[in-house]
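So the protein lines, in turn, are chains A and B.
Note that the working numbering has the first sequence beginning at 1, numbered continuously upward.
Note that the working numbering has the second sequence beginning at 1, numbered continuously upward.
Hints should not be assumed to be uniformly reliable.
In silico DMTMM-like pairs for lysine to aspartate or glutamate, Cα to Cα no more than 25 Å straight-line [said to hold, decoys possible]:
id, chain 1, residue 1, chain 2, residue 2
1, B, Lys346, A, Glu27
2, A, Lys35, B, Glu211
3, B, Lys344, A, Asp19
4, B, Lys130, B, Asp22
5, A, Lys31, B, Glu372
6, B, Lys301, A, Asp47
7, B, Lys380, A, Asp73
8, B, Lys320, A, Glu27
9, A, Lys26, B, Glu349
10, B, Lys344, A, Glu107
11, B, Lys346, A, Asp71
12, A, Lys35, B, Glu13
13, B, Lys301, A, Asp73
14, A, Lys31, B, Glu322
15, A, Lys35, B, Asp176
16, B, Lys59, A, Asp73
17, B, Lys59, A, Glu27
18, A, Lys57, B, Glu322
19, B, Lys213, B, Glu433
20, B, Lys381, A, Asp19
21, B, Lys301, A, Asp71
22, A, Lys24, B, Glu372
23, A, Lys31, B, Glu349
24, A, Lys31, B, Glu370
25, A, Lys31, B, Asp418
26, B, Lys11, A, Asp19
27, A, Lys31, B, Glu211
28, A, Lys48, B, Glu370
29, A, Lys24, B, Glu99
30, A, Lys43, B, Glu370
Calculated directly from the structure, the hints in this document are not laboratory data.
These figures come from a predicted structure and were not determined experimentally.
Okay, here's what each chain looks like letter by letter:
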Amino acid sequence: MPAVSKGDGMRGLAVFISDIRNCKSKEAEIKRINKELANIRSKFKGDKALDGYSKKKYVCKLLFIFLLGHDIDFGHMEAVNLLSSNKYTEKQIGYLFISVLVNSNSELIRLINNAIKNDLSSRNPTFMCLALHCIANVGSREMAEAFAGEIPRILVAGDTMDSVKQSAALCLLRLYKTSPDLVLMGEWTSRVVHLLNDQHMGVVTAAISLITCLSQKNPDEFKTCVSLAVSRLSRIVSSASTDLQDYTYYFVPAPWLSCKLLRLLQCYPPPEDGAVKGRLVECLETILNKAQEPPKSKKVQHSNAKNAILFEAISLIIHYDSEPNLLVRACNQLGQFLQHRETNLRYLALESMCTLASSEFSHEAVKTHIETVINALKTERDVSVRQRAADLLYAMCDRSNAKQIVAEMLSYLETADYSIREEMVLKVAILAEKYAVDYSWYVDTILNLIRIAGDYVSEEVWYRVIQIVINRDDVQGYAAKTVFEALQAPACHENMVKVGGYILGEFGNLIAGDPRSSPLVQFNLLHSKFHLCSVPTRALLLSAYIKFINLFPETKSTIQEVLRSDSQIRNSDVELQQRAVEYLKLSSIASTDVLATVLEEMPPFPERESSILAKLKKKKGPGAVSVNELEEGKREGGELNGGGERGGDSSAIAASNASTPSPSADLLGLRAGPPVTAAAPSAGSLLVDVFSEAGINDDGFLRDLEPTTESSDSLLAEGPGDSDSAPPSVVSEDPTPLPESDELLNKFVCKNNGVLFENQLLQIGIKSEYRQNLGRIYLFYGNKTSVQFVTFTTTVTCPGELQSQLNVQSKPVEPLIEGGAQVQQVINIECLTDFSDAPLLNIKFRYGGALQNLTLKLPVTINKFFQPTEMASHDFFQRWKQLSQPQQEAQKIFKASHAMDTEVLKAKLLGLGMALLENVDPNPENFVCAGVIQSKAQQVGSLLRLEPNAQAQSGEQMYRLTVRSSKDTVSKRLCELLAEQF
Amino acid sequence: MIGGLFIYNHKGEVLISRVYRDDIGRNAVDAFRVNVIHARQQVRSPVTNIARTSFFHVKRSNIWLAAVTKQNVNAAMVFEFLYKMCDVMTAYFGKISEENIKNNFVLIYELLDEILDFGYPQNSETGALKTFITQQGIKGQPQTKEEQSQITSQVTGQIGWRREGIKYRRNELFLDVLESVNLLMSPQGQVLSAHVSGRVMMKSYLSGMPECKFGMNDKIVIDKQGKGGTTDDPGKSGKQSIAIDDCTFHQCVRLSKFDSERSISFIPPDGEYELMRYRTTKDIILPFRVIPLVREVGRTKLEVKVVIKSNFKPSLLAQKIEVRIPTPLNTSGVQVICMKGKAKYKASENAIVWKIKRMAGMKESQISAEIELLPTNDKKKWARPPISMNFEVPFAPSGLKVRYLKVFESKLNYSDHDVIKWVRYIGRSGIYETRC
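Let's have the full structure, built from the sequences with the hints guiding it.
Rendered as structure tokens:
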């Protein structure tokens, strides 16, 4: 705002504003405004032309009224007239009005653009700047269309004033950010880059923002800027503090420009040209040296400016990650800051060190600061700083210092802030597992962890302990002993009871020799905790008891007594009651041999490597899996898995299990905790990923009971896989549903359970069963927030002709989901005839005030209604020939999108629902399947042949898939569905 | 139950704050100010829920009265209480304004102590309150024991609204029937909605404990009587009687008698009070008819002609007539010509206001105006808000007639004939609008 001279001050405006300010009530204010608006209208309407001053005044008033929140629908014309005035103040007000109130009104936009064009082509730098500011402030697409061509010309023209160049560069940046497709740099690129050499520091500062933005999008075109930036930087860095007069800020030469230059350099890899690189290294060294110099001023601005450059330089060094010398120096510099008085500096130092710790060159240097960091963790007042310290400890941890760090973190956990406890727990758990040399140490650590911060230990952590204990023979005895001791504490956390129950149930016999931990003592200890626990834990304990009966026959009568007691056998909770009844019967009817088989020790868990663990746990051999296979085959025993081989992915087995027609499918509803609850905890996604593969729940524990307890067959059939059958990679964060729902659909072709959809608010789990031509889908809607969803409604629709092909009935779902709660919906499906589309699931609810609307595809595909058909080779080929009409066959040749693993392929084909026929195809590499699709109208027999070709041309793996069925649409659809799977 | 009661001025400053229950914290006062009085968007709901606390508010001129509670109370009860509170304050010190509240704050706290106990509303009858809460301060000598016990027995007794032993030399009764008539009419003259809400106000100066009986031309009563004996012309009696849609009474009215015999009998409080409130929707006499004519001449001009016709007996005079003709938001100039009264364009209200002091029945009058418009960028059409009207007429537009008001006092020696009775009818406009 220019200084307004007395004669130019708008008195009327001042009076109006003070009137408004003096209004006692809203009504009075509205009256005053109405009056003023009427006055302005009559003035604008009046016959005699207004002079520039009054026009300006009235436009100002309108602007003020608009900013108070009232609609203004006139005066635009007058404002546009002001644009063509020659007076600065009038032009300025005109531009102000336009940039605040412009709307895409076609005729006015043309006039405005015209005025802007005139100003841009005028020789007056002030007017040009005003016009450029207006373009940038509006920044609309229309503006970009009109001026994107002209501004670069102004920017690089030789005769443009410096101030205009600055405005032009920033204006262009704004237009580029709003509509990058319209700003084509092309021919201007090199000239824009050369602005870095401009005499005027302001122009360089403005230009560098533009160049940074542009080079992030197309780095190659702007490659040349690196050397220019380096030389510019070295000139600034080496200049004395007095050289750059106007651009020296508290004795620091051009700090903003330096930071921007350093940031620009972070967009590129280290320069290849030796000379340039040398110069840059020199610059960075100078910056590091300067940090050591005594400050030239006591003012905080001086040190802020200096440190800003320093931190930017350090992030550049980290970005390059190639100069060991610099990295170590940076690390030392940060080490000094770790003890600085200033909290912000300490925070930044910890944060930067985190990234330094991941570099191989500086990792050792970072480790030297361990004491300081531990101290920071203990003494910092600010929780965010402590959080950073914890992050850094996590990052700097390796085998050499793991024990110390884990111990420190554990001891800190007792006093840690609640907000970071959960994350700390996860970190401790990861570190303990990652760097465990000695598994007894690992067990100790985790048990300690549960003892100290039991509430924050997520399920995954204790799943993991149990997995490890079960898979490692050497640690089982020790674990049992430790757990036994830990349980003797008068108060112990429920998670501890869970671990204790599981481990003693499995390995209690290993410590039974000691009279202090005789079977009865063990049992009494466990049972003393029983009444304090929640239902799921009690259920787990009941399973532990039945295992005790097997391990120690002498406890049988005591345990039967407990099971028979009214509080168990007549428990109001169905799950507990059922367990009590079944276990009691099992223990009294079954012979010891049967008991021993049923209640055998749990087999080792398969090591399913998650993306991070794969890297972390190289030393654990694959041995566990091979041991697994035999037992697994014996136990699962289902006809689908009859071959006794299992896929690497146990989720596929879980899926195929669930699709087996089970005599009492409805029992599924009994499951207390639906599978989706094992959702990710709130901590960082990196941490979660490690554990997402965990998945022991107590059903898994009981899986070996399956063959005898017929009635609860499908109840127990969920393997450990069901809670994680959809790994987080399936989960999409993007809320737009339809485009990706096709993809989601494909994920569920070969499996029936998993996470259908997930975003920040909602998680939808699905579980489905099919039998003949009927299907039932359970949808679990989980509210991930702490706020309740209201008016939650779901509708399932069958688009188009699907209506006549599928009969879908959904039960209404409760309209209200509390925060963190979950509701279930049952959908029944009947297949009337074959179909190719999928039904749509529409979900609407209110979260906070906002209406959320999602549409997904329900994963109902034709193959779900397959009935497997076993047949001999002879039969197969006979039928194959019968279906030889061209329209009955569909064939596809496609590239493999996954690795060709025979086991995985088999699992997928089984998941498809057809019978996998062995020894049919002469080529053992090929797979053939047969099945009948059951629909109400007809049965469609289908045959399938999949021929993998591992060494096709150019090393790519190809498949040929042939499907023949008695109906052409079916063959086609099956072929489409399957082609996406391999 | 009501947890607390706050009174704010228009700026949101607290004038009166009385907390009755512990669950209302100090921050409740600020919560209401921030979320309602200073809310960015005008809060139109009279009930606001903030952090599990409910705020019920009414606004009198620039003053906000807010009752606060954490419990699930009967909202109608709370509002009834707030209205009563307003009535009581008006009875004590006249208009509710910031000035008056500041001047009487000791009195208000005293009243609040009396009419709310632990959040439960108590006797809020002005007449009764005035006997023991006075504005004059302590009189020369404190009340005698007898007087005190009399007050106690009266306040806690069966007839809490009237004390015994009142004596007047002249027994007088004033009865006002106040009605407000609401109308929405289409431009063609079709009635879209119309109803009358009325009140019977009574001012009684009667000695002793008189028993009163009030009768009006209620259709149900008239029909019953018609059936009973006298062979009146049914058509005539139909026209004479009115159908009351719903009504409420002062607490002195014996509701059991009204329910069984539909007769209104009561022992009146002393002084002024509202005897009953009612609403009718059928056979309403509309005192005025507004005939609008709006013509758009091009984009920049609008011609408006409005005719009003009075529709009642020529002998009666309507008063304070005001017609409000809304003008478009882009009006830049207005010329008005009217035969009668004064008309003016009020820019601050975006309307032409035409005022006529007096107008007899069965007359008509007209106004014509030319409105110049400023072309705007918005293509939005003018919404044409309805033309509204204000007036006062000396009859009841619902057709209600007071048939009798009998006074019986068995103990004292005056009879119905000795009581001087005054009856007055005033019909006012409520929301009386005609679309144009």
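Now for the hints, and whether the structure bears them out:
{"no.": "1", "hint": "B:Lys346 with A:Glu27", "verdict": "15 Å, holds"}
{"no.": "2", "hint": "A:Lys35 with B:Glu211", "verdict": "57 Å, violated"}
{"no.": "3", "hint": "B:Lys344 with A:Asp19", "verdict": "23 Å, holds"}
{"no.": "4", "hint": "B:Lys130 with B:Asp22", "verdict": "30 Å, violated"}
{"no.": "5", "hint": "A:Lys31 with B:Glu372", "verdict": "20 Å, holds"}
{"no.": "6", "hint": "B:Lys301 with A:Asp47", "verdict": "15 Å, holds"}
{"no.": "7", "hint": "B:Lys380 with A:Asp73", "verdict": "10 Å, holds"}
{"no.": "8", "hint": "B:Lys320 with A:Glu27", "verdict": "24 Å, holds"}
{"no.": "9", "hint": "A:Lys26 with B:Glu349", "verdict": "13 Å, holds"}
{"no.": "10", "hint": "B:Lys344 with A:Glu107", "verdict": "37 Å, violated"}
{"no.": "11", "hint": "B:Lys346 with A:Asp71", "verdict": "20 Å, holds"}
{"no.": "12", "hint": "A:Lys35 with B:Glu13", "verdict": "29 Å, violated"}
{"no.": "13", "hint": "B:Lys301 with A:Asp73", "verdict": "17 Å, holds"}
{"no.": "14", "hint": "A:Lys31 with B:Glu322", "verdict": "19 Å, holds"}
{"no.": "15", "hint": "A:Lys35 with B:Asp176", "verdict": "40 Å, violated"}
{"no.": "16", "hint": "B:Lys59 with A:Asp73", "verdict": "33 Å, violated"}
{"no.": "17", "hint": "B:Lys59 with A:Glu27", "verdict": "14 Å, holds"}
{"no.": "18", "hint": "A:Lys57 with B:Glu322", "verdict": "36 Å, violated"}
{"no.": "19", "hint": "B:Lys213 with B:Glu433", "verdict": "37 Å, violated"}
{"no.": "20", "hint": "B:Lys381 with A:Asp19", "verdict": "31 Å, violated"}
{"no.": "21", "hint": "B:Lys301 with A:Asp71", "verdict": "22 Å, holds"}
{"no.": "22", "hint": "A:Lys24 with B:Glu372", "verdict": "32 Å, violated"}
{"no.": "23", "hint": "A:Lys31 with B:Glu349", "verdict": "6 Å, holds"}
{"no.": "24", "hint": "A:Lys31 with B:Glu370", "verdict": "22 Å, holds"}
{"no.": "25", "hint": "A:Lys31 with B:Asp418", "verdict": "55 Å, violated"}
{"no.": "26", "hint": "B:Lys11 with A:Asp19", "verdict": "17 Å, holds"}
{"no.": "27", "hint": "A:Lys31 with B:Glu211", "verdict": "52 Å, violated"}
{"no.": "28", "hint": "A:Lys48 with B:Glu370", "verdict": "21 Å, holds"}
{"no.": "29", "hint": "A:Lys24 with B:Glu99", "verdict": "15 Å, holds"}
{"no.": "30", "hint": "A:Lys43 with B:Glu370", "verdict": "18 Å, holds"}
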